Amino acid sequence: MSQKTGGQAVVECLRANGVTTLFGIPGMHNLAIYDAIHDQGEGLRHILARHEGGAGLMADGYARAGGKPGVAVVTTGPAVGNVMAAVGDAYRDSVPLLVIASQIASDLVGHDRGAFHEMKDQLGMAAGAAAWARRVTTVAEIPEALNDAWHAMTDGRPRPAYLEIPWDVLGGQDDVDITPASKLAPAAALSSKVQDAARLLAQAQRPLIYVGGGVMWSRDTRGICELAERLQAPVATTCNGKGAIPEDHPLAAGYVNFSRPQWRPVWEQADLVLAVGTDFGEVATGGWALPAPQQLVRIDVDQEQLNRNYPATIGLTGDAAVVLDQLLRYVPRPAESSPPSAWAEHVRDLRTRLHDAAAGSDGMTIVEAMQRELGRDGLSVGDAAGVGIWQLDHLRVYESRTFQLPLGFGTLGFGVPAALGAQAAQPSRRVICLCGDGGFLFHGQELATAIQHDLNIVVLVVNDHAFGSIRRLQERHYQGHTIATDLVNPDFVRFAEAFGAFGLRIRHTRDLPDALATAFASGKAAVIEIPGPIAPPQRPVSP
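Sequential numbering of the sequence shown, starting at 1, is according to the working numbering.
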């Protein structure tokens, strides 16, 4: 043990748990953490955001792209309020995000005396958004609390954690012992249930594998391909599962919303659905309008999920990669000469026809230009915008952790900061963010962060001078009435240039391939304005 300030204990605990990058903004109450970063932060990169909401979403994007917890450091009161959208997003999409926040002096907490930055119940607000929330009251508690937060984020289903430390504790001193959080072995399912599930899978004539984001946080995704090939089962994914199987694989259906009329017959015809790491949420099911599958085998690390929304015929609790390996022990390999099943060919043909039907549209032109520049390992980040559905439906993703879009929580403004976090996690890869004009202006000022920290993302802003998705809902459901959805925007090219970024405006989507090449050649963060509107191919869910 050795004497450390609370701030030093925080920094050393983060380093002990393998943190190399964190995002945040210094404030009056958290300066002891920043002083420790200054003195003892070797090997720890701090990325300075311009808004705490941006810092949280950068950490969110970093976690999704890097496969390990993202960390945001914020000060008291308004800063904690600012970061809560990111915490809610991480909860809904099962992302391990850690927010470390300061608090007013310990003896003032809860007394409503009007302390600077005082909030009525700061911890209670955070507890309403995070999966785990705690306040420490002594320096000695910090290492254990941080390790508990680490377990809350990484053991079982990934979820956000929030740790609150009063400023006097951050500045205080005590003897502390720094050790990393222990690591649990990935959980396996009961062998008897695995064998029962394997028998059902082997007997199915029209099996369908449906993959969610839970697969991304398991050891690897190779078991999905192997099992699909043995069963000749098409593989569809949710938004968060996109990339679990390379989308040029013969059995890959890509992202599918089975509530859409084109895809619903496939869901209904499947005589068994194997659902891996998905919660069957509202968007994915069209408001839970899908009928229950004929037979449903569910794999999830969270046992409570197995009968939520769509009860499982057989539920397997455990890490997705481990359970898939267990299943592969009992599912036989097909004969070498076995042709693709008619069922698999039918689903692949439907996917191809839907893709071909969109050819020549503005949305498809954007996606094809992105595809060309991203290659197989580039990262695509979307926003809660109608144009993002083009990414979901038609952008081919070949690797896990290379696609992000906040479809679960619908976090408008996610795109730019999440893309910056993704670039920080994968500095050698290209990152393209596609967003609308409304969402861009939520966190467009984070271009300053991009320039300061050499995070050379390219942002495509589709400018229709409106909150376009909301405007279309107004027109559809309120007799064509529209209100508060028209936008007066700045000149986005000059906006980008004011931060030192590269800016370019195109007149037509067919000009995008050359514009993207020019943007990447600029060697710095870039914004390309694209004229809108560009309607989504189909709305994912009705209100």
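Simulated from the structure, these hints should not be mistaken for lab results.
A hint or two may mislead.
Unchecked claim - Below, in silico cross-link-like pairs of lysine to aspartate or glutamate (DMTMM-like), each with a Cα-Cα straight-line distance of 20 Å or less:
#1 K68 - D168
#2 K183 - D302
#3 K183 - E144
#4 K120 - D155
#5 K524 - E373
#6 K68 - E399
#7 K120 - E141
#8 K193 - D177
#9 K524 - E475
#10 K193 - D325
#11 K193 - E304
#12 K183 - E229
#13 K183 - E226
#14 K68 - E304
#15 K68 - D148
#16 K524 - E497
#17 K68 - D271
#18 K183 - D155
#19 K193 - D302
#20 K68 - D302
What the hints assert, rightly or not - Each pair of labels, with its calculated beta carbon distance range:
#21 P180 - P340: 41 to 49 Å
#22 A484 - L190: 48 to 56 Å
#23 R199 - N309: 49 to 57 Å
#24 Q303 - D271: 24 to 32 Å
Computed from a predicted model, the values in this text were never measured in an experiment.
Heads up, the beta-carbon is just placed ideally off N, CA and C, and yes, glycines get one too.
Looking back at the hints listed earlier, which ones does the structure fail to meet?
-> 1, 4, 7, 8, 9, 12, 13, 14, 17 and 23
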